[in-house]
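Student: Using the sequences and the hints, build the whole thing.
Protein chains in written order, with the working numbering: chain A, 1 to 316; chain B, 1001 to 1143; chain C, 2001 to 2280; chain D, 3001 to 3344.
Hints were generated in silico from the structure; no laboratory data involved. For clarity, every value in this text was computed on a predicted model and none was experimentally measured. Hints may be right or wrong, so weigh each one.
[Said to hold, decoys possible] Within a straight-line C-alpha distance of at most 30 Å, the following computed BS3-like cross-link-like pairs (lysine-lysine) qualify:
(1) C:LYS2090 / D:LYS3264
(2) D:LYS3110 / C:LYS2002
(3) C:LYS2025 / A:LYS230
(4) C:LYS2228 / C:LYS2041
(5) D:LYS3220 / B:LYS1049
(6) C:LYS2055 / D:LYS3088
(7) C:LYS2220 / D:LYS3294
(8) A:LYS42 / D:LYS3294
[To be verified] According to the in silico footprint, chain D covers these stretches of chain C (three or more CB under 8 Å from chain D):
(9) 2004-2013
(10) 2055-2062
(11) 2089-2097
(12) 2235-2245
(13) 2248-2254
(14) 2257-2266
Idealized CB from N, CA, C, for every residue including glycine.
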Amino acid sequence: MIRYTEKIRERARELLGQGKVDVFIGYKKGTVPLMNQPVMIKRAEDVDQLLWDSNCCLNLANYLTKRTEKIGIVANGCNSRNIVIHILENQIKRDQLYILGIPCEGTIDHRAVLRAADNQELLGYSEDGKEFTIRGAGFEKTLKKEEFLRTNCKTCQHRNPVIYDELLGDPVPENTEVDPFSDVKGLETQPPEKKWSFFQNLISKCIRCYACRNACPLCYCPTCFVDESKPQWVGKSIDPIDTMTFHILRAYHCAGRCTDCGACERVCPVAIPMRQFTKKLNKDAKELFDWEAGLTLETRPLFDFYKTSDYNEFIY
Amino acid sequence: MNEWSPKITAFLCNWCTYGAADLAGVSRLQYPPNFRVIRVPCSGRVSPKFILAAFRQGADGVWVSGCHPGDCHYLEGNFYARRKFALLKGLLEHIGIEPGRLHFSWISSAEATKFVEVATKVANAVGALGPAKYLIKQRAEVA
Amino acid sequence: MKNPYLPYPVKIDDIVVETEDKNLKTFKFVFLNPEDEANFKYMPGQFAELSVPGKGEIPIGIASSPTEKGYLTFTVNKVGVVTTFLHNMKVGDIMGIRGPLGNWYPWEEMEGKNVVIIGGGFAFTTLRSSVVYMLHPQNRPKFGKITVVYGARNPGLLLYKQELMEWEKRDDIEMHITVDAADDPNWKYNVGFVPAITEQKVKSSENAYAIVCGPPIMIKFTQPVLEKLGFPPERIILSLENRMKCAIGMCGRCNVGDQFVCKDGPVFSLAKLRTLPPEY
Amino acid sequence: MGTSKVLKKDEWLKVIEDLRKGYKVFVPTKEGDFHFFREYKDGIRPDLNFSNTRLSPKGLIYPQSERMFECPLSKDQEGAFILKESPKDFGPQLVVGIRPCDAYGFLIVKRNFDNPQYRDPWWVRRYESTTFVGLGCNEPCPTCFCNAAAGGPFGEEGLDLLMWDLGDEYLIKPITEKGSNLLAKVEGKEAQDGEIKEAESLKKESQKKMDFSFDITPLKNKAQLELFNEPYWEDVAFSCINCGTCTYLCPTCWCFDIQDEVYKNHCDRIRNWDSCMFPLFTLHGSGHNPREKKFQRVRQRFMHKLKYYVDKYGNGIQCSGCGRCVRYCPVNIDIRNVIGLMCG
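Tutor: Shown next as structure tokens:
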């Protein structure tokens, strides 16, 4: 996917140079291997910082909330869906945006890569088509990208952007064969006590740094429920029930809005797979309401409209 | 006489189910005494946070009841509520809250008999599960 | 090891509703253990944490003066969780007080000087403490002329009205009470904003300190007036507020630059504040 | 401080295991992909073959959530509404395998929690009852910069004993009296010249691998306001998502919040780690927030670490160079770059 880098730079240079956008939001190379940093470019001469590779994992829609400039931005499938949600939820206007669409071949799971390197320190990373190479002190490994995709990328069914002003490459085939919810289905068959202990265990390392919440482009409330004091919905300690309450409510706030971009899991400092919460909601939204978030500007968000024929079987 | 009986938080819409409860009362219809009723202006007012707060504070069950679809005093509050609750119920059950703890119903203010039926059903369902086990906030587990 | 987070147990001895909107009440506390009172040595300008078990703590300026023995008073505005709960508490209820905390107005420095006190709204609490302190017969000779400019939005929002009236009658203190607007035809004091009244009434900065407490907007417009009058920034004394938790310089939230409002403040000179980031 | 000893690795681990009789022992152990300090109970396997623990060990002295006081809340109970210190165990603790950067971090934090005016009773008691057995870093990580920020990969400050990994053996050097007394009771051969030389060369080699350095003079000399008003803060902060990862993982971030919780007529006053990245951290009751914007909060974090602390204590920066924030920042805000900007 390195091939997109040149195109992004070229177009960003033109867009900034011609004054079509005031700023351009993309990624630049980070100071740590497998880590790219979101960046906002203001001058055409700085566009060479921009890049695209398989480590562009943070969701850039995060950086659009309530901005007022004209913004150029790169967007792959999930990011573009979050841009749609941002537009629908009035966090940004469509005509403020110039979107460079990126048909996405997935991003890589840095934790899996580190595991493959026996958790040795990495000093360098490069990629070439379907392979990438990691280097450390005295070792070098070339790995197949498809074997190291992030779990959400593996089951992604919207790799092509759903909204863009120009597409930087030919659309990639969508992966419709896989079942994105097989893990959820597995857990659904378990008895309640198994489910409870599964989730208790899942969040047991949580330090409530809120990285999952803040990395999520859906979480832009001026005052989060965890900060409300009248009434206070949830305690602030790392008491397991408070932590669980936080995770349930955080996930539920994403109900009908989550694009499964995986930013929450990617940023977690203790590697909690908290998508297990949101995926259940995504699955139910799909099954009960035939809903996937952020696919089109034409429909209101899931909880913002209804049908009289909506699912009613659970109500007496 | 120390037999356990369930505590159930009931969020009842002011315009319908709350009236049905009233009507059941004046009609001298018997229904289980396990409910702590919270009168709300609409089932659409019931935030998932309320339901979680009830469970956190030790409710063995939660019951939300509003007007029949199409009869909402605010025209469509219960339609929105229905979507919210469908996903919430799924999520809570997925994390381990037993399916019989969270109940929803549509009961108009004239349906005292339905109120009694549903109340009995809810109380029996929660009663059968025994005391709530999960998501109850105890004294903080901290150092 | 003395635990600096542990409040002294106190009892509410009296509650006075201060303002017509009933949002401000003055609470009088007595210590449950007499030795705690002996340990609670304070100076006007300091504050304490009022500690309501189960609700939390709030930092509030001490409104009583160290010359008033046997009790402490605090005037509390009803804003958040703790203050709302406190407003519903009754005489006789038990709670805690932790302090005294922070620094105080530069009393040693101000000896032999004229003192101009400028207050607005419900920020008059530690100023009340200061006035009572200075007017005490033992202290009065230490200070020159004492001038007070105190304003509120309307007469009903002035704190300590009875005392203000008593001070009005005295000849060892010059009082300028003002309100932004008064619909009471019998209002016999000033009408106008605090900065304007300050400009009219305070004639000289000679040998004088100004202590200013009030809402940010009042402070903003009073500063230039004082400077015009010739007060050097070293002699313009301000008391800051920031969100606090520990109030002993440890929890890290109330800092303004390298200074903690709770421990290095809340009292700062304008000269000092000009060297610090304006994060308050 | 006595002589260093050399023990076979498994002998030393046996010593540690036996020390559980007199101490609550904490060791690094692998859970999933990374290491945590855990109490060495049966079933816990100490693993000293690690780069560093994911979370800093600050929680061993200063737990993320800690009950401070408690009292009953109904009038008919004795001591109602009068807070009392919650009972705690402050018995001797032993932390084995702490990295020098993290041990140095405690010294940085000590200036806050143990100062001439106030002493934080929980922090101080726990710190004083803890013995720190450090493990020097033969292979510093690329994100480490303890050489520039603190005492380096074999820094001794803040440790009672320091271990050198010599392959099959550990060389254990006593640093303080506390450490010396402990080591005296351990059976092991005294370190020979050759071993001491080997240790020295490991230290030099390790230091050589660290390439980041800076001169603190500009941080001292520039005025607070000058740095505060620099134009780069908005750019530095752009990618920040305002999570608390940097502050919670940091061994030298100490900010906390105090919360009252009520359970069945019983009040607990609990303190929790807090983070200057959160807007609520500074929000006034009036709604005014002195650090309302994201960049202001990011600026606060760096200004605190690299300027306010420097001014307040005259004792270096509030950072021990452990590199956790560099590595685990979800958006790669690298403090080393910020140091560069501020010193520039």
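Student: Against each hint, give a clear statement of whether it holds in the structure.
Tutor: Hints, one by one, checked against the model:
1. Distance check on the hinted pair: LYS2090 (chain C) and LYS3264 (chain D) sit about 22 Å apart at the alpha-carbon level, within 30 Å; holds.
2. Note on LYS3110 (chain D) and LYS2002 (chain C): the hinted pairing holds, with a Cα-Cα distance of about 17 Å set against a maximum of 30 Å.
3. Between LYS2025 (chain C) and LYS230 (chain A) the CA atoms are separated by roughly 21 Å; this keeps the pair inside 30 Å, and the hint holds.
4. As the CA atoms of LYS2228 (chain C) and LYS2041 (chain C) are separated by approximately 37 Å, the hinted pair breaks the 30 Å bound.
5. With a CA separation close to 49 Å, the supplied pair LYS3220 (chain D) and LYS1049 (chain B) exceeds the 30 Å bound.
6. Straight-line distance between C-alpha atoms of LYS2055 (chain C) and LYS3088 (chain D) comes to about 23 Å, which keeps the hinted pair within the 30 Å bound.
7. Annotation: proposed proximity of LYS2220 (chain C) to LYS3294 (chain D) holds, straight-line Cα distance about 25 Å (limit 30 Å).
8. Proximity of LYS42 (chain A) to LYS3294 (chain D) is assessed by CA-CA distance (about 19 Å); at most 30 Å being required, the pair is judged to hold.
9. Counting residues of the region 2004-2013 of chain C whose beta carbon lies closer than 8 Å to any beta carbon of chain D gives 5, which meets the minimum of three for the stated coverage.
10. Check on the region 2055-2062 of chain C: 3 of its residues sit with their Cβ under 8 Å from a Cβ of chain D, so the three-residue criterion for coverage holds.
11. For the region 2089-2097 of chain C, the assignment as covered by chain D holds, since 4 residues bring a beta-carbon within under 8 Å of that chain's beta-carbons and 3 suffice.
12. A stretch counts as covered by a chain when three or more of its residues have a beta carbon under 8 Å from one of that chain; for the region 2235-2245 of chain C and chain D the count is 4, and the coverage holds.
13. Note: the region 2248-2254 of chain C has 7 residues with beta-carbon separation from chain D under 8 Å; the three-residue rule is met and the coverage holds.
14. Check result for the region 2257-2266 of chain C against chain D: holds, 3 residues qualifying (beta carbon to beta carbon below 8 Å, three or more required).
Checked against the numbered hints given earlier, the structure breaks hints 4 and 5 and satisfies all the rest.
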